Amino acid sequence: MTGPLSPSLRPRDPGHGRHLLLQMLRVRRLEERCVELYSAAKIRGFLHVYIGEEAVAAGVLESLSADDTVVATYREHGHALLRGVPAGAILAEMYGRVEGCCRGRGGSMHLFDAATNFYGGNAIVAGGLPLAVGLALADKMSGRPHVTVCFFGEGAVAEGEFHESLNLAALWDLPILFCCENNLYAMGTALVRSESQTDLALKAASYEVSAWAVDGMDVLAVEQAARTAVDAVRSGAGPHFLEFRTYRFRAHSMFDPERYREKAEVVAWQARDPITLLRSSMEENGQLTADDWTQLQSEAESEVAAAVKFAESGTLEPVEDLTRFVYSERRAP
Amino acid sequence: MTGPLSPSLRPRDPGHGRHLLLQMLRVRRLEERCVELYSAAKIRGFLHVYIGEEAVAAGVLESLSADDTVVATYREHGHALLRGVPAGAILAEMYGRVEGCCRGRGGSMHLFDAATNFYGGNAIVAGGLPLAVGLALADKMSGRPHVTVCFFGEGAVAEGEFHESLNLAALWDLPILFCCENNLYAMGTALVRSESQTDLALKAASYEVSAWAVDGMDVLAVEQAARTAVDAVRSGAGPHFLEFRTYRFRAHSMFDPERYREKAEVVAWQARDPITLLRSSMEENGQLTADDWTQLQSEAESEVAAAVKFAESGTLEPVEDLTRFVYSERRAP
Amino acid sequence: MKSSYREAVRAGIRDALQRDPRVFLMGEDVGAYGGSFAVSLGLLEEFGPERIRDTPLSESGFVGAGIGAALGGMRPIVEIMTVNFSLLALDQIVNNAASLLHMSGGQFHVPLVIRMTTGAGRQLGAQHSHSLEGWYAHIPGLRILVPATLEDARGMLWTALEDPDPVLIFEHGSLYNVTGELDDGAGPVDIDTAAIRRPGGDVSLITYGGTLPAVLEAAEQLADAGVDAEVLDLRTLRPLDDDAILASVAKTRRSVVVDEGWRSGGISAELSARITENAFYELDAPVGRVCSAEVPIPYARHMEAAALPSVERIVAAAREVTGNGG
Amino acid sequence: MKSSYREAVRAGIRDALQRDPRVFLMGEDVGAYGGSFAVSLGLLEEFGPERIRDTPLSESGFVGAGIGAALGGMRPIVEIMTVNFSLLALDQIVNNAASLLHMSGGQFHVPLVIRMTTGAGRQLGAQHSHSLEGWYAHIPGLRILVPATLEDARGMLWTALEDPDPVLIFEHGSLYNVTGELDDGAGPVDIDTAAIRRPGGDVSLITYGGTLPAVLEAAEQLADAGVDAEVLDLRTLRPLDDDAILASVAKTRRSVVVDEGWRSGGISAELSARITENAFYELDAPVGRVCSAEVPIPYARHMEAAALPSVERIVAAAREVTGNGG
Ligand SMILES: Cc1ncc(C[n+]2csc(CCOP(=O)(O)OP(=O)(O)O)c2C)c(N)n1
Ligand SMILES: Cc1ncc(C[n+]2csc(CCOP(=O)(O)OP(=O)(O)O)c2C)c(N)n1
Ligand SMILES: [Mg+2]
Ligand SMILES: [Mg+2]
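Protein sequences, first through last, are from chains E, R, C and D.
Quick note on numbering: the first sequence equals residues 1 to 333 in the working numbering.
Quick note on numbering: the second sequence equals residues 1001 to 1333 in the working numbering.
Quick note on numbering: the third sequence equals residues 2001 to 2326 in the working numbering.
Quick note on numbering: the fourth sequence equals residues 3001 to 3326 in the working numbering.
Bound conformation, chain E alone (with noise of 0.2 Å):
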C-alpha cells in the first residue's frame, strides 16, 4: 500500500472538496442500485461493480476536458456516470432498453457514448489497450492537443496486449495516460500469482514510459497525480502510465463467491473507503457539515432514483431492427 494508512485530504477548497465527494457517491450509489437491481432480475448478464474504487475515476476524470477521449473496460459504470453520460442512459441501457447509450445492445459491459468520447466498455482484458494508442495516434498526427485515457486492471498487464501498447505508445511518443486500477486481483487471481513483477510502475517504466504509484483510496493523491501526468501528455511529453493502488469491496462479478480472500483482508481495506477518507477529513478540517453530508448524499440519491425510473419506463428496439448496424447506413463522412 502506498501513502499513509490514514492521509490528511485537504481538498483546496470545501466546493472542490464536496465535489469529489459528490461524483464519488453518485458512482457508489449508482453501484449499490445495480447490485439490487441485478438481484431483482431487471439487470443481467455480467455485471461487475466499482465499490471501493471510486476515487480513481473520480479523481483521473476530473483532470480531463471534454475533447479528451476514455477507454475503459467491463467494470466502467463510474466512469461512463463521470465522463457525463447520464445516470438514466446508463441504467436504461442495462435493462436492454433502446432508450440506454448503447440502444440496449450493449448492456453493462459496453457502454459507449460517442457524444463524450467515450469509447467503451470493453469485455476482454486489455483489448482496450491496442484502441486507446489509435485514438491517441490520430490525435497526435491530426495536431489535436487531446489526451486519451485509458483504464484497465492490474490483471491486463500479463496479456501480450500491454505490452505491445505500451511499447507502441513509446515509441511514437503518444499524447495517452495508461491508468491500472490495481485492485489486487484479477477474478480470484492475486497479482502476486499473476506477475513475477508485482511493482507496476516498475515494470512500466522498462518501457521507457514515465510512471509512478499512487494511492488510489486518496481521491486527492488521483487527482493531483493525474493532473500532473494530464497536463505533461498534453504539453508532449509522450505517455505516462498511472498505477492506482486501490481495491474492489465487492466480488469481481456477481456470480463470485470470493473463495480466493479473507473477509479480513477486505474489512481492512475497507477502512479506506475513499468516500470516508475524503469525508472524514473534510470534516475534521471543518469542510463538511452534516447538513452539507446529507445534501450531498440526497443529490446522489435522486439522481440514481430518477434514473431508475427513466430505466423502468424505457422500451424495447424493435426486433426489426436486429440486422441495423452490423453494416453503417451511411457512407463515411
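Watch out, some of these pointers could steer you wrong.
Said to hold, decoys possible - Partner residues aside, some chain C positions facing chain E, computed with beta carbon under 8 Å:
1. Ala2032
2. Tyr2033
3. Leu2057
4. Phe2085
5. Ala2126
6. Ala2279
7. Pro2298
8. Arg2301
9. Ala2307
10. Ser2310
11. Val2311
To be verified - What follows is a set of in silico ranges between Cβ atoms, one per label pair, in the way DEER data are often shown:
12. Ala2250(C) - Asp3242(D): 23 to 31 Å
13. Pro1257(R) - Asn3324(D): 43 to 51 Å
14. Pro2239(C) - Glu329(E): 50 to 58 Å
15. Gly2180(C) - Ser3310(D): 35 to 43 Å
16. Gly3073(D) - Gly15(E): 35 to 43 Å
17. Ser1142(R) - Arg261(E): 28 to 36 Å
18. Ala2250(C) - Asn3324(D): 22 to 30 Å
19. Glu329(E) - Glu2312(C): 22 to 30 Å
20. Asp1199(R) - Glu329(E): 49 to 57 Å
Don't read these hints as lab results, they were simulated from the structure.
None of the values given here were measured: they were computed from a predicted structure.
A virtual CB, placed ideally from N, CA and C, is assigned to each residue, including glycine.
Please build the complex by placing chains R, C and D with the ligands on the supplied structure of chain E, with the hints as guidance.
Relative to the frame of chain E, chains R, C and D with the ligands by itself:
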C-alpha cells in the same frame, strides 16, 4: 556493442578452440552452400542464413547435454546442425526430399528432429517462446533435470508472446534459458525503431528474470555465459535470459534488397567475424597452425559436400502420403 | 446418480487426474477462484496447485505452454475460460498445435486437450457470446468435440486425452446447469461417431451441443403435428461422421441443420454441402439451416432471443422441408 | 500502360495517400525495407515516415491501433505482412473492428482497411501458406475483398477506404508478378458485385483471387473439350453477390466452386449451400468443389502442388458435373 573491439580469445586448450572453430565453420560452409543452392533453384521458399551469427549457436549449444531441449526460429540451420541433426538430413529437407529431417514437408524454416530434442524451426516470430515454456514446464513437473533453450531474434521482443512467456517462466520458476539473438534488425526494422527500451537484458530483467548481455561475436564469451546460465538454470535458479549482440552479414532472406542499412555498417561488423576473431587469436596465441586451419576447413567442406550429395540423391515422398500425419496413425503411448 | 452437466465435466477431469499422473489442468481461475463456471470447484484442494494450475491472463502464452507441455510428455487440459478469449491464442492453436505433426513429418504429436465454454443465451453481449466451434472445425489437425449430454460431458475428456493429437472440447454455457441421471461408473465414450438422440423417419434434424435441447423440444412439437423427426447429435464437428449423417438423410430424404453459429460459412454450410454432394439425387428438398442471425449478439434479452435459433424457428424449418406447412 | 499487380496495388495506395490526408499506411517493414513484397517500395520517400509507418512486430497492437485511429477520424491502411500473422490480431479484428458499430448501437463506425497477402504456391510451408479469406468471411461486420485483376488491385482500395466499416483486402502472393495492361487513369471500382470473366452456358466456375488464372486456363481447356464454361469472379466474399451467383447458375444449372482454402467449412461450402438452397430444383447436378487438400501445406514442390487446386482438377470437376467424362 559489448566487450572490447578485439577481444583476446583464449580457449582453455587448443583442442577446445579448434572444436569451436570447426563448429562455426561447419555452419558457415553449410549456409554458404545453401545460398548457392538457392540461386541454383535447388532450394525454394524462404531461406534465412545465419552467416555472421555462428558464434551464438556454437557457444550456446556447446553448453547443453543430450537430454536438453532446443527451440529455434526460421533461421535455424546452424542450430539444427550443431545440435546434431546430420547435414545431409538438413539439406535433403531443403531439397524437399523424403530423406530430409521432416520428409521434405518442412523446408528451411521448419527443421525438426526428435532424436536430438530439436523442436524447430518456427516461422511465426515469437511463436516458439510459449512452446519452450511448456517444454520446460513438462521437465519441471516430471522432475527431469533438463534445460530448455529457446532462441529468437530481437524482433520477437516486441510481440506479446515474448511478454507472456517471460512472465510465465518467471512466475513458475521454470528451467529455461531465453537466448535473444540481437542482430540489430528485424527484416528492415532497426532495433531503435522497434523498441522504446533498446537494452534488452534490462527489459528481460523487468520480469525478475536474471539477464545479461554478451558479445555474440566472441564464441568463448558466448560459451562461458551460456554455461554459467545453463548451470544456474539446471541447478534450479529459474529462468535466465541472455542477449547476444551479433549481426547478420547477409540479407534477411533471399528476397531482401537491404535498403535499410549502409554497406559500411556491414563491413564494420564483418571486421568482427566470429570465425576470424577466434582464428586470429588462436594463431597469435600459437594454438592454431596453418595446417590446422586447412584441416578444419576441409573437414567442414567435405561434410557439406557429402550432404549435398546425399540431398541430390534423395527421393520424393509419394504423393499418396500427402494426408498422412494430419492426424497420428497410432494412439498416444 | 443425479448429476449436473457441470458436475459431469468435473467428474471427467477428476477421473483423468486420478488415472494419469501426466494430466494437469491449467487456465485462468481454475484453482483459487474455483473455476469461472465452477467446473473445477474443489479440485485445487484435492490435487494441489501444481496440477490445478492457475495462470495469469495470457491466453496465447498458456495455450502455447500447454502445447509445449504436451510435446514434453505431459497430458495437459488447458481451459480457456470462454471461446471468446481463444481468439488471442489462435496462432498457437493453428500454427503450432494443428500443424506440428504434419510439418515435422510425423515426428511430434501434440496430445493436448483444450476445453472452453461456448455460446450465447445469457445476455453477455457481443464479445462474450461467440459460437466458434464450427469455425474451428475448418482447421486440419484439430479434433473438435461438442458434448451435449451428461455422458459425453464426462466421458469425452478421457478419450480425448488418449488421442495423440490436439482436441478442442466446447462446452455450451447454457448446459452447465442441466441435470439428469448419470451412471456412477460412467466412463470413456467414443469420440468418432454421431448419435441418434431420437429416431424418426420424416426429417433429419442435425445438431450438436447447446442447441440439442431445443431441437429435441422441436421434435416433440413436430410429432404433435404429425412430423416424425430424427434428431442426430453430431458430437464431433471435425472429423464429421459422414456415415451417420448420410444414413439418416438416406432414410428421411429431408434435413435441417441447427447450429448456433452464424450462418454464412458456418458448420451448417459444410453439412449442407456434404449432404447435397453425397445424396443429391435422393433429396426431396434442399437442406435447411437454422442458425444465428449474422450480427454481433446483442445484450437485450428480446434481441438476443431473436438472434438465436429457437424451437419455433426449428419447427418452422422442419415443416418447410417436409412440406408440412402447419 | 503496362503494370504488374504489385504496381497496381502500389498505385492504389499512392492514389489514396494523395487524395486524402487522413490516409496512412502502417505495418511491418512497409517503409525502410520497401515492403516485404515490395508493394510499398518508394512510398516512404514520397510520403515520409508518419504516413508510411513502420511498426514493430506487434500484430495485435498495431491492428488495434489501426482500429483506434479509424475511430479517431483517420483512414488507416493497415498491412499485415501475410494472412498467417493475422491470427495474432484476430481478437482485435473480431471483437473490436467487427463488433463496435453494432455493440455501440450505431455510434462508432470503424473506417479501417486491412490489407494482407494470402495463399500458397511458393513453397513457404505450413505456417506461411494459409488461405483464410473464406474463413474471415464468416464474421459479420467485416467486408472481405479478394482482388484478382489489375483493375481491382488498384481500384478496390479507394472504394474500401470510403466504406465506413472495416474492410479486409486479401492479395494472393502469386499474383504480384502478374502483368498486363492497366489504364493510366484506372480508378475506384465497385466492391459490391461479382464479375463474369468469361461468359459461358454449360457450367459456372465460381472462384476469386489467386485461383482465377487457373480457372480461366481450365475454361480454355474445357472449351476445347466442348464444354462452354462461365467464369465468375466473386471479387467480394462478404457479402456475397447472391444475384450474380444465382443468375449464372440459373443459366448453366451446373457449377463448380474453386477455392484455395481448405474444403471443410470453407467459403466453397457456403457457396454450395446457398446455391442449393436457392436453386435446388433447377440444378442438374450437385455443386462441385475444388479446394485445397485438408493438410497443413507441405514445403516440397510436388507435395504442395498436389495439395492445391490445379487446372487438371478443375477441368475434371467441371467434366464431372457436366457429365462430360472426357
Ligand atoms: C482476454 C480475457 N480473458 C479472460 C477474461 C475473463 N475475465 C474477465 S474480468 C477478468 C479479471 C480481470 O482482472 P483485472 O484486469 O485486474 O480487472 P478487475 O476485474 O480487477 O477490475 C477475467 C479473467 C476476459 N474478459 N478477457
Ligand atoms: C508473427 C510474424 N510476423 C511477421 C513475420 C515476418 N517476418 C519474418 S522474420 C521477421 C523479422 C524477425 O526479426 P528478428 O526476430 O530480429 O529475427 P532475425 O530475422 O533478425 O533473426 C519478420 C518480420 C513473421 N514471420 N511472423
Ligand atoms: Mg484487478
Ligand atoms: Mg534480428
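Results of checking the hints against the structure:
1. The criterion of a C-beta within 8 Å of any C-beta in chain E is met by alanine 2032(C), whose closest approach is roughly 4 Å, and the hint holds.
2. For tyrosine 2033(C), the interface hint holds, the least distance from its beta-carbon to any beta-carbon of chain E being 3 Å, beneath 8 Å.
3. This hint holds: leucine 2057(C) has a C-beta 5 Å from the nearest C-beta of chain E, less than the 8 Å allowed.
4. At about 7 Å, the closest approach between the beta carbon of phenylalanine 2085(C) and any beta carbon in chain E falls short of 8 Å, and the interface hint on this residue holds.
5. Interface restraint check for alanine 2126(C): the shortest CB-CB distance to chain E comes to about 7 Å, inside 8 Å, so the restraint holds.
6. At its closest, the beta carbon of alanine 2279(C) sits 32 Å from a beta carbon of chain E; the interface hint therefore is violated under the 8 Å criterion.
7. With its C-beta approaching chain E no nearer than about 4 Å, proline 2298(C) sits inside the 8 Å limit, and its interface hint holds.
8. Given hint, arginine 2301(C) at the interface with chain E, holds; its Cβ is 6 Å from that chain's nearest Cβ, closer than 8 Å.
9. With 8 Å as the threshold, the beta carbon of alanine 2307(C) comes within range of chain E, its nearest partner Cβ sitting at about 6 Å, so the hint holds.
10. Against a cut-off of 8 Å between C-beta atoms, the interface hint on serine 2310(C) is violated, since the closest Cβ of chain E lies about 12 Å away.
11. Nearest Cβ of chain E to the Cβ of valine 2311(C): about 17 Å, over the 8 Å cut. The hint is violated.
12. Judged by the Cβ atoms, the range 23 to 31 Å given for alanine 2250(C) and aspartate 3242(D) holds: they are separated by roughly 30 Å.
13. Distance hint for proline 1257(R) and asparagine 3324(D): a CB-CB separation of about 49 Å, consistent with the stated range 43 to 51 Å.
14. Hint check: proline 2239(C) to glutamate 329(E), Cβ distance near 42 Å, so the stated range 50 to 58 Å is violated.
15. In this structure the hint that glycine 2180(C) and serine 3310(D) lie 35 to 43 Å apart at CB is violated, the actual value being about 51 Å.
16. With their beta carbons about 36 Å apart, glycine 3073(D) and glycine 15(E) fall inside the hinted range of 35 to 43 Å.
17. Checked against the hint of 28 to 36 Å, the pair serine 1142(R) and arginine 261(E) passes, with Cβ atoms roughly 33 Å apart.
18. A hinted range of 22 to 30 Å for the beta carbons of alanine 2250(C) and asparagine 3324(D) is consistent with their spacing of about 28 Å.
19. For glutamate 329(E) and glutamate 2312(C), the hinted distance range of 22 to 30 Å is satisfied, since their beta carbons lie about 29 Å from each other.
20. For the hinted restraint 49 to 57 Å between aspartate 1199(R) and glutamate 329(E), the CB-CB distance of approximately 51 Å keeps it satisfied.
Hint check: violations occur at hints 6, 10, 11, 14 and 15; the rest are consistent with the structure.
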